[in-house]
Amino acid sequence: MKTETKWLCIIFGLCHVSLFPQTDAEGQVTAVYQWTNLEYDYPSESARRQAINSKEFVPENGFPIDVDVHYTKNKNKIFVTVPRFQNGIPATLGLITPRSYNGNPVLAPYPSWSWHQNLKRCPRDRIVSVFRVKIDECQRLWIIDDGRMEDQRVCPPQILAFDLKTDQLVHRYEIPGDLLQSNSILVNIVPDVRDPRGSCVDTFVYVADCQAMALIVHDVQRGTSWRIIDKTFYPNPFFGTYNIAGQSFDIMDGLMGLDLSPYKPGQDRILYYHAMSSGSEQWVYTSYIRNQSMFLQDTSPAPEIFHVYSGQRQSQVPGMAIDRNGIAYFGLASDLSMNCWNTAVEYGTNNIGVLAQDNIALQFPSNVKVITNLLDKQELWFITMRFQRVATGTLNFSETNFRVMAGKLDDLLKGSKCLSRPSSSHSHHYGGGYGYGRHSKRETGGIRFPSE
1 MKTETKWLCI
11 IFGLCHVSLF
21 PQTDAEGQVT
31 AVYQWTNLEY
41 DYPSESARRQ
51 AINSKEFVPE
61 NGFPIDVDVH
71 YTKNKNKIFV
81 TVPRFQNGIP
91 ATLGLITPRS
101 YNGNPVLAPY
111 PSWSWHQNLK
121 RCPRDRIVSV
131 FRVKIDECQR
141 LWIIDDGRME
151 DQRVCPPQIL
161 AFDLKTDQLV
171 HRYEIPGDLL
181 QSNSILVNIV
191 PDVRDPRGSC
201 VDTFVYVADC
211 QAMALIVHDV
221 QRGTSWRIID
231 KTFYPNPFFG
241 TYNIAGQSFD
251 IMDGLMGLDL
261 SPYKPGQDRI
271 LYYHAMSSGS
281 EQWVYTSYIR
291 NQSMFLQDTS
301 PAPEIFHVYS
311 GQRQSQVPGM
321 AIDRNGIAYF
331 GLASDLSMNC
341 WNTAVEYGTN
351 NIGVLAQDNI
361 ALQFPSNVKV
371 ITNLLDKQEL
381 WFITMRFQRV
391 ATGTLNFSET
401 NFRVMAGKLD
411 DLLKGSKCLS
421 RPSSSHSHHY
431 GGGYGYGRHS
441 KRETGGIRFP
451 SE
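First residue of the sequence shown? That's 1 in the UniProt record's numbering, and the numbers climb one at a time after it.
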């Protein structure tokens, strides 16, 4: 791996110098942003110091989990989530600003500071603790707010959606208490827009509960929700010990990774999912889980609708994302790699491709996003956050601990086994899947890598 200072232009309408590593042999995955510790957009140095003195802000306590990107012609937004596992997290959802503090990119609370303050009073306009977010085809940012501060749930969990054209709240839904267990932790959200070319009203939202081993489904149009449980949501004890970069820790997290097959008008979609502490991948037709009547009397009425692939992976996987061609992307925790799998073929080690591998920069890819830029090209974005050091309390704040990584999918997939067409049709699928630098007025569709 080589480290160089180069010009990196994020199309915020400005350029800046960034020091970042090229993380594979061809420089196809780049650290776009990196932190030793997180910093927030305080109005002044004295306000920052006051927040530190009052323990409202403890720089060493926050770590990012997820990233998502919204491209527009005028101003782009890069979101980062910071769950409130510990005290001293001033905002759980922020936008990366062009500013930095001691070399660390500054996060501006989204949509404003007020949504992240006075939380113990549980105000109506609040965001307490967010693990992951997802931007849908209708330019809405979907948020699952778990409602916890440290180990205490201070507010009911809620699903929020913001219109990214106006930054205004367009949907709020508090999850009913009877859908939750005392140990519920809501860690992932995936919106399923059934009419993306229409009014975007016909939308369902799928939420993963990694400790109560459940999937919560929310019908946005009807304002209802229901809980589904299945044995495939559970972790596997053989995958409960994580070994990352020479450190080990134990976690038995269940259902976490979620994403959908590409939308095709008139066709059913598939929800792919897995428990983080497991080696298997599963799938279910969304037409089943969208049918509330199936789950009115029993949260687990039809185990036969959930399918488990016979093959397995060799390491744990937190999150994943699927592109418009049906190729899935995920990081193998112990392998320090970013990987792919063509969902048109069987799951297993023989069909998992390696897109990038780095012993430093790819420590624990927490979640993955496939982003379509303004040129209709797909990009891969993800956060790596050295979770083994977080879990063991050994973070070194003189080192880079957290990174936002990005790469062009066209480049990453060159020569990959994930481009191979299946030798035989996969019964539930739709066919084989095939698959930022200097500011340029003629090309502002995405991030161009400096090497171009």
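Please note: incorrect hints may appear among the correct ones.
Quick list of in silico lysine to aspartate or glutamate cross-link-like pairs, EDC-like style, CA-CA up to 16 Å [as the list claims (entries may be wrong)]:
(1) Lys264 <-> Glu137
(2) Lys75 <-> Asp219
(3) Lys165 <-> Asp202
(4) Lys231 <-> Glu304
(5) Lys77 <-> Asp151
(6) Lys264 <-> Asp202
(7) Lys73 <-> Asp376
(8) Lys377 <-> Asp151
(9) Lys231 <-> Asp253
(10) Lys231 <-> Glu137
(11) Lys120 <-> Asp163
(12) Lys417 <-> Glu346
The hints are simulated quantities; they were obtained by calculation from the structure and are not laboratory data.
Verification of the hints:
no.	hint	verdict
1	Lys264 <-> Glu137	holds (13 Å)
2	Lys75 <-> Asp219	violated (31 Å)
3	Lys165 <-> Asp202	violated (20 Å)
4	Lys231 <-> Glu304	holds (11 Å)
5	Lys77 <-> Asp151	violated (30 Å)
6	Lys264 <-> Asp202	holds (15 Å)
7	Lys73 <-> Asp376	holds (13 Å)
8	Lys377 <-> Asp151	violated (41 Å)
9	Lys231 <-> Asp253	holds (13 Å)
10	Lys231 <-> Glu137	violated (31 Å)
11	Lys120 <-> Asp163	violated (26 Å)
12	Lys417 <-> Glu346	holds (13 Å)
When each numbered hint is compared with the structure, violations occur for hints 2, 3, 5, 8, 10 and 11.
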